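Engineer: Chains as they are written, first to last, in this note's numbering: chain P, 1 to 279; chain B, 1 to 279.
Certain hints may be false.
If several chains are the same, the list does not tell them apart, and a pair holds so long as it fits within one copy or across any two.
[Claimed, not checked] Restricting the straight-line Cα-Cα distance to at most 30 Å, the calculated cross-link-like pairs of lysine-lysine (DSS-like) are: (1) K269 x K40; (2) K262 x K203; (3) K261 x K122; (4) K272 x K198; (5) K249 x K262; (6) K198 x K146; (7) K272 x K20; (8) K236 x K261; (9) K166 x K82; (10) K82 x K122; (11) K81 x K166; (12) K147 x K272; (13) K46 x K269; (14) K249 x K198; (15) K198 x K231; (16) K250 x K40; (17) K231 x K250; (18) K250 x K236; (19) K122 x K250; (20) K166 x K198.
Quick caveat, the hints were computed from the structure, so don't treat them as lab data.
Only a predicted model underlies this, so the values are computations on that prediction, with no experimental measurement involved.
Residues per chain, in single letters:
Number of protein chains: 2
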Amino acid sequence: MIITVVGLGVVGGSFVKALKGLDHEVYGVDINEETLARAKAEGCIKEGFVDGHEIIKQSDLTIICLYPSLVLDYIQTHEFKKGSIITDAVGVKSYFLDQAMSIIDKDVEFVSGHPMAGRENKGYDFASKEVFQGANYILIQHPQNKKESIELMEQFVSSLGFHSVKILSPHDHDEIISFTSQLPHAIAVSLINSDSQKYDTGKYIGDSYRDLTRIANINEDLWTELFFTNKTCLLKSIQGFENQLDILKKAVLEEDSETLKKMFIESSKRRKNLEASQK
Amino acid sequence: MIITVVGLGVVGGSFVKALKGLDHEVYGVDINEETLARAKAEGCIKEGFVDGHEIIKQSDLTIICLYPSLVLDYIQTHEFKKGSIITDAVGVKSYFLDQAMSIIDKDVEFVSGHPMAGRENKGYDFASKEVFQGANYILIQHPQNKKESIELMEQFVSSLGFHSVKILSPHDHDEIISFTSQLPHAIAVSLINSDSQKYDTGKYIGDSYRDLTRIANINEDLWTELFFTNKTCLLKSIQGFENQLDILKKAVLEEDSETLKKMFIESSKRRKNLEASQK
Numbered sequence: 001m002i003i004t005v006v007g008l009g010v011v012g013g014s015f016v017k018a019l020k021g022l023d024h025e026v027y028g029v030d031i032n033e034e035t036l037a038r039a040k041a042e043g044c045i046k047e048g049f050v051d052g053h054e055i056i057k058q059s060d061l062t063i064i065c066l067y068p069s070l071v072l073d074y075i076q077t078h079e080f081k082k083g084s085i086i087t088d089a090v091g092v093k094s095y096f097l098d099q100a101m102s103i104i105d106k107d108v109e110f111v112s113g114h115p116m117a118g119r120e121n122k123g124y125d126f127a128s129k130e131v132f133q134g135a136n137y138i139l140i141q142h143p144q145n146k147k148e149s150i151e152l153m154e155q156f157v158s159s160l161g162f163h164s165v166k167i168l169s170p171h172d173h174d175e176i177i178s179f180t181s182q183l184p185h186a187i188a189v190s191l192i193n194s195d196s197q198k199y200d201t202g203k204y205i206g207d208s209y210r211d212l213t214r215i216a217n218i219n220e221d222l223w224t225e226l227f228f229t230n231k232t233c234l235l236k237s238i239q240g241f242e243n244q245l246d247i248l249k250k251a252v253l254e255e256d257s258e259t260l261k262k263m264f265i266e267s268s269k270r271r272k273n274l275e276a277s278q279k
Numbered sequence: 001m002i003i004t005v006v007g008l009g010v011v012g013g014s015f016v017k018a019l020k021g022l023d024h025e026v027y028g029v030d031i032n033e034e035t036l037a038r039a040k041a042e043g044c045i046k047e048g049f050v051d052g053h054e055i056i057k058q059s060d061l062t063i064i065c066l067y068p069s070l071v072l073d074y075i076q077t078h079e080f081k082k083g084s085i086i087t088d089a090v091g092v093k094s095y096f097l098d099q100a101m102s103i104i105d106k107d108v109e110f111v112s113g114h115p116m117a118g119r120e121n122k123g124y125d126f127a128s129k130e131v132f133q134g135a136n137y138i139l140i141q142h143p144q145n146k147k148e149s150i151e152l153m154e155q156f157v158s159s160l161g162f163h164s165v166k167i168l169s170p171h172d173h174d175e176i177i178s179f180t181s182q183l184p185h186a187i188a189v190s191l192i193n194s195d196s197q198k199y200d201t202g203k204y205i206g207d208s209y210r211d212l213t214r215i216a217n218i219n220e221d222l223w224t225e226l227f228f229t230n231k232t233c234l235l236k237s238i239q240g241f242e243n244q245l246d247i248l249k250k251a252v253l254e255e256d257s258e259t260l261k262k263m264f265i266e267s268s269k270r271r272k273n274l275e276a277s278q279k
């Protein structure tokens with residue numbers, strides 16, 4: 001296939017790196033010419049383009065790795081090859097996909113996807129094929145999608161090293177993502193921001209605080225957009241978490257060891273199951 | 001020095017492993033004879049004892065790595081060398097230390113410590129000298145402690161590879177630990193327990209959920225004891241966290257991007273500062 005990756009940041013950059021050595025003709029589009037030159041020098045793309053109008057017209061697959069709002073702009077202002085597939089890596093689907101589907105040319109198919117392989121650091125420098133190894137991928141089944149296109153994307157994504165590829169409706173994607181991705185980010189931000197800073201905190205932490213605050217380093221524009229466009233699901237996930245924290249708080253206050261131990265046993269069981277599911 | 005480590009679990013085991021090759025005569029005490037045999041075979045201890053009554057009487061430093069309540073038992077039922085130092089690795093200090101100080105022989109000094117190097121897995125198998133490399137250590141300055149003893153312990157601990165050794169009062173230790181260690185555990189447990197389990201969660205997670213739930217695998221007896229004996233500080237830390245989460249929730253509900261972005265910028269700054277402080 002002729003594949004063009006639009007936006008060579010940490011996700012798009014990881015796509016071109018993961019594609020290196022596979023049997024495709026890969027092009028890159030980025031506003032940063034230095035990034036394009038590096039990707040070309042590394043043998044990850046055949047050629048780089050600042051806009052990509054011409055190469056997009058010849059591409060069988062276009063992977064757009066831009067911010068949600070820019071993905072819509074890009075689709076609207078570019079002409080794609082007839083019969084080609086476009087995909088993306090946007091973290092919220094319902095809100096975004098209805099708009100995307102309404103503006104897309106009917107000869108082109110948009111199969112939306114979500115590589116669960118974000119990094120807290122931005123840019124091509126932090127991109128690597130390892131980012132995708134063993135990670136999860138979600139493909140979105142929209143009523144407008146053909147079965148064959150979903151299957152093609154499933155095979156394509158598996159070839160990049162993802163451990164699991166699952167197919168969900170836009171709504172189900174947003175519901176589970178509000179819990180597995182957005183809630184953890186809301187928690188990490190609230191945790192580090194609740195530090196009274198009375199002590200030199202860094203001297204009194206272990207791996208637990210390190211792990212729980214890693215994603216507190218967060219891209220404010222992207223995540224504000226993601227939170228707002230998945231508001232209902234996110235608020236429900238936060239509420240579910242708070243309910244559990246309330247039970248824990250009450251157990252500590254009342255020194256109710258039975259309840260607290262039950263919670264710890266349950267959470268340990270769930271975490272062990274989670275680890276087993278990743279193998 | 002003649003050093004005896006009591007309890008060769010993940011922390012005690014890491015002590016004997018970190019001590020290997022340093023200029024000390026090291027003994028181990030554990031109820032598990034197999035563990036003692038392994039530690040001896042690995043050259044980490046000169047000899048192992050199931051109880052240790054005899055070797056304790058000759059030790060210049062006794063490092064007790066048992067559960068909080070068992071540390072008190074051990075101190076009460078053993079006779080230590082006159083002029084020797086006892087230390088521990090208990091995660092809560094105020095409650096525990098007043099009791100320990102009241103039962104200890106006045107010829108022996110108890111310098112309490114907290115290696116911030118716990119692991120979610122229990123036992124000697126998960127012990128390693130690497131656990132301590134670059135980690136933080138807190139020494140507790142109790143009014144009964146001599147300045148020289150604190151200094152001796154400071155040097156000793158530094159020799160094991162810890163990155164930072166700080167001295168705090170029992171109260172200050174418990175206050176900062178309720179935030180950097182106990183609150184993250186309360187959050188991780190509540191997060192994983194709030195999973196509705198409507199989906200096969202493991203297929204829809206990225207590193208954020210993995211990181212935030214790692215410590216949800218938790219020793220229920222130990223952590224119930226730690227939470228209850230540091231109740232006041234822990235409840236205050238949970239409240240501070242909830243206040244921040246409430247601000248975030250309100251900003252999402254009202255689509256108040258200014259407030260949300262400010263929170264994200266602040267959390268990113270704090271996280272970057274934290275990383276810088278670890279170098």
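Engineer: Could you run down the list of hints and mark each one as holding or not?
Structural biologist: Each hint, compared with the structure:
no.	hint	verdict
1	K269 x K40	neither (47 Å within a copy, 34 Å between copies)
2	K262 x K203	between (32 Å within a copy, 26 Å between copies)
3	K261 x K122	between (40 Å within a copy, 17 Å between copies)
4	K272 x K198	between (36 Å within a copy, 18 Å between copies)
5	K249 x K262	both (14 Å within a copy, 28 Å between copies)
6	K198 x K146	between (58 Å within a copy, 26 Å between copies)
7	K272 x K20	neither (35 Å within a copy, 32 Å between copies)
8	K236 x K261	both (26 Å within a copy, 21 Å between copies)
9	K166 x K82	within (27 Å within a copy, 66 Å between copies)
10	K82 x K122	neither (33 Å within a copy, 59 Å between copies)
11	K81 x K166	within (27 Å within a copy, 63 Å between copies)
12	K147 x K272	neither (35 Å within a copy, 45 Å between copies)
13	K46 x K269	neither (48 Å within a copy, 38 Å between copies)
14	K249 x K198	both (23 Å within a copy, 25 Å between copies)
15	K198 x K231	between (34 Å within a copy, 19 Å between copies)
16	K250 x K40	neither (58 Å within a copy, 46 Å between copies)
17	K231 x K250	both (28 Å within a copy, 11 Å between copies)
18	K250 x K236	both (21 Å within a copy, 13 Å between copies)
19	K122 x K250	between (40 Å within a copy, 28 Å between copies)
20	K166 x K198	between (46 Å within a copy, 15 Å between copies)
The structure is inconsistent with the numbered hints 1, 7, 10, 12, 13, 16, although it conforms to all the rest.
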